[in-house]
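Given only the sequences and the hints, what does the whole structure look like? Please build it.
2 protein chains.
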Amino acid sequence: MQVMKNRNNKKKCVVLLSGGLDSSTLLYLVIKKKYLPTCLIFDYGQKHKKEIESAKKIAKSVKVKYFLVKTNFPWKGSALVDNKINIPENRLFNDKKIPSTYVPARNIIFLSYAVSLAEVIGAKYIFYGANQIDYSGYPDCRNNFIKKFQNIINVGTKSAVENKKIKLVAPLINFSKSEIVKLAHKLNVPLKYTWSCYKGTKKPCGVCDACKLRNEGFRNAKLKDFYD
Amino acid sequence: MQVMKNRNNKKKCVVLLSGGLDSSTLLYLVIKKKYLPTCLIFDYGQKHKKEIESAKKIAKSVKVKYFLVKTNFPWKGSALVDNKINIPENRLFNDKKIPSTYVPARNIIFLSYAVSLAEVIGAKYIFYGANQIDYSGYPDCRNNFIKKFQNIINVGTKSAVENKKIKLVAPLINFSKSEIVKLAHKLNVPLKYTWSCYKGTKKPCGVCDACKLRNEGFRNAKLKDFYD
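Sequence order for the protein chains is A and B. For the first sequence, counting from 1, position 39 maps to 39 in our numbering; every step adds exactly one. For the second sequence, counting from 1, position 81 maps to 81 in our numbering; every step adds exactly one.
The reader is advised that the hints may include incorrect statements.
Which copy is meant is left open, so a pair is good if it fits within one copy or across any two.
Unchecked claim - Calculated cross-link-like contacts (lysine-lysine; reagent style DSS-like; alpha-carbon spacing at most 25 Å): (1) K56 - K34; (2) K32 - K60; (3) K164 - K147; (4) K97 - K165.
The set of hints was computed from the structure by calculation and includes no laboratory data.
Written out as structure tokens, the structure is:
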């Protein structure tokens, strides 16, 4: 287990990077704040690989190291990994039902891998692009969840036993989508490399939750998206 | 997301199965208690595949369904996944240092997958063979960790939002190794299918932590292991 010792060691962090607008903006924000990120990208059997390619491009655009974890959800259970379940279109956000795009416990799994990586490289922070304002209703994108996950890190890791703190941070948690869009604009995030759409079509579909939230964010921010 | 509806639905559970003595005994215990288990086995890039084959044999021996998750730890960081780190031999257990066989956050990751599976099949319980008495000092095998992980399930899942409780249970947590050996004996666990050794040699090495703990357990229980 090699831990690079340098004066910036305190700024070492892991960034969960999906290639979407939120996590890409988060990566650019973290770099702006002089952190030293290592990105974590997942190939988890999602229906399309476009977001994986996007995530790689975003990481490369700022020349940071990334790891790609390959895994699978053999029990399916989500429209994002099961070809038999269609991606919902033009869904209304006013019902409290969790949509079929929820991948059971996926973000808990992703965060767990982030903890693993953080332990190995000696990172002090894990940055998670979760957002509890304009989102699809996922339970693992809320403040309370993040607090509880921090407790896991604090008791269940070698780092904790050795008093090396790893802090889970979600700087965008209380941002509206339009605020994220404005931040992306300010940080010069290359929108052309980002991919939010749940489908892998040539252009974003415009009707899935991810597209609708993104489009509304750009509309409210009065800014133009790459695909507009 | 199909959930089988039957009168025994309340007894549906997920069992984390490594093919070692503890998790195999746990599976047999759970069946004895009339639960309906689905097993979860991991191919995570461990140095040898013998434990995966053992886990499959154990699941088949009681005719229960299992899922195999394939994944990797590209950042290594443990003697169990990194060929450059030797498995420690004849280690003393009186130091409090966490050994190099600790795979960073591995059990947090495994439990997260178990939550995912439990959500999809509608299981009410996750059985985890952790043991805080005769163990190698892993932080993710302690009671407090299990409590904190339960909190994650309670706030971070769709099941929680829908008031479908999933309970994480570690029935062997306070068992000594010799008590587990006695239980395995009582439940007729087929020892010949189990594999505890950290190495993939033909016979267990006898000198790694896992072998030493197992051998001592059998010695204290005054019972014979398959390999004796």
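Cross-check of the supplied hints:
1. K56 - K34: within (20 Å within a copy, 48 Å between copies)
2. K32 - K60: within (16 Å within a copy, 54 Å between copies)
3. K164 - K147: both (18 Å within a copy, 21 Å between copies)
4. K97 - K165: Close across copies (17 Å), not inside one copy (36 Å); limit 25 Å.
Violated hints for the displayed structure: none, as all numbered hints are satisfied.
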